[in-house]
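I would like the entire structure built from these sequences, with the hints used as guidance.
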Amino acid sequence: MKEDVKEDGATVHENVEAKTGEGYIQRALRATLTIWLILTVVIVAAFGLSETLRVAGVEREANLLIVFLSSLLLILVALWLLPRTLLTLKAEEKDEGRQRYIQQVLQSLALIWVVLAVVTLAAIGLYSLLRAAGIERDENLLISFLFSLLLILVALWLLPKSLLTLKAE
Amino acid sequence: MDNILRPKSNRQSDTTPILQLIALVTGIFLLAFAADVLVLKIVELFIAGIAEQDTFFYSAVRQQDAFAKNLLDVIKLISFIAVGVGFLVTLAFLFIGGRGSKEPLKSDPKEVLKVSALSLRGIATTAVIFIALIALYELLLRIVGNQPPFFLIVALVTASMYVLVLVYALFDYTRDLQGEYRRQE
Chain W
56 MKEDVKEDGA TVHENVEAKT GEGYIQRALR ATLTIWLILT VVIVAAFGLS
106 ETLRVAGVER EANLLIVFLS SLLLILVALW LLPRTLLTLK AEEKDEGRQR
156 YIQQVLQSLA LIWVVLAVVT LAAIGLYSLL RAAGIERDEN LLISFLFSLL
206 LILVALWLLP KSLLTLKAE
Chain H
2 MDNILRPKSN RQSDTTPILQ LIALVTGIFL LAFAADVLVL KIVELFIAGI
52 AEQDTFFYSA VRQQDAFAKN LLDVIKLISF IAVGVGFLVT LAFLFIGGRG
102 SKEPLKSDPK EVLKVSALSL RGIATTAVIF IALIALYELL LRIVGNQPPF
152 FLIVALVTAS MYVLVLVYAL FDYTRDLQGE YRRQE
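Protein chains in written order, with the numbering used here: chain W, 56 to 224; chain H, 2 to 186.
Be aware that a few hints might be false.
As the list claims (entries may be wrong) - A partial selection of chain W residues facing chain H, derived with a Cβ cut-off under 8 Å: (1) 96; (2) 99; (3) 111; (4) 113; (5) 115; (6) 120; (7) 163; (8) 208.
Simulated from the structure, these hints should not be mistaken for laboratory data.
Glycine is no exception: its CB is placed at the ideal position from the N, C-alpha and C atoms.
As structure tokens, then:
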């Protein structure tokens, strides 16, 4: 009887693997990449926080403690959001919602970054042109900023709305 | 007996959703305001970091830093006004919508809660995304040093994009809420 149950369990496991079409190595690679990406984001965010606190005039020890605790919190949130299959490396179908959400967040992060980079580059280009034309620094910055605002509005209009609100379509 | 009890139960069904609605809308807008303050404060400190690196630059560059800070103050002010006005307009719209129709506003509390929770999650995550991006640029600033006016433009663009995304998220929440109430009618 026990052997039957074990066999059934193994068959279900195999079926799930066949259904998702993903082997153990693929899952491990995906988990490694995702965890690495999340760790990078957490480390960069911690660095930014540390710099921000330094500029704000917080003492070194307090700065370190705050940054460490914040990173811990961020890691916990990331682990909570991550699909459990990425942590256990088991093939399950229950975490699809979470997996989709974390994918959406990462997509959104990448997309917003790309948009910011493109808008900044365009604004810097305009700034250089205006500087060559001999326009004053402050005036130049204002014109470039207004131009970038326009570009942002166009980009937000063109971007998929689900990536801005982080809701499933 | 039945008639005596009926008005009571009706009153309860009228008031509970309205109170719940006000609490949810206030909660979401408060969170949005807090996220806005946090992200813009970080951008302000980012600009302070840029100014710190510009100490040994000539005066025109430092003057530009001060000008960028003024621009950020304007963005901040506009965003606070936008969130405040958005909150008042949302409440007014929901109340007028409720009074305009003969039937009182009705909704499935679970659905309204779900809509609010989704918006809450979206607003919080977007704030984290922008904070991470600002941190990335801070890292770049530390690595390559300030290249006037690159990081100033980055700071201003990031702040304005965040404000616009936040306003859109709040608008989307209000629209979802309205949709939910209309669906129930």
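Against the structure, the hints come out as follows:
1. Because the closest C-beta pair between residue 96 of chain W and chain H is about 5 Å apart, less than 8 Å, the hint holds.
2. Taking 8 Å as the C-beta contact cut-off toward chain H, the hint placing residue 99 of chain W at the interface holds, the least distance being around 5 Å.
3. The beta carbon of residue 111 of chain W comes within 6 Å of a beta carbon in chain H, closer than 8 Å, and the hint placing it at the interface holds.
4. A distance limit of 8 Å between C-beta atoms decides the matter here; for residue 113 of chain W the minimum to chain H is near 11 Å, and the interface restraint is violated.
5. Annotation: interface hint on residue 115 of chain W violated; nearest CB of chain H at approximately 16 Å, more than 8 Å.
6. Given hint, residue 120 of chain W at the interface with chain H, is violated; its Cβ is 18 Å from that chain's nearest Cβ, farther than 8 Å.
7. Hint status for residue 163 of chain W relative to chain H: holds, with the closest Cβ pair at about 6 Å, below 8 Å.
8. Because the smallest distance between the Cβ of residue 208 of chain W and any Cβ of chain H comes to about 7 Å, under 8 Å, the interface hint for this residue holds.
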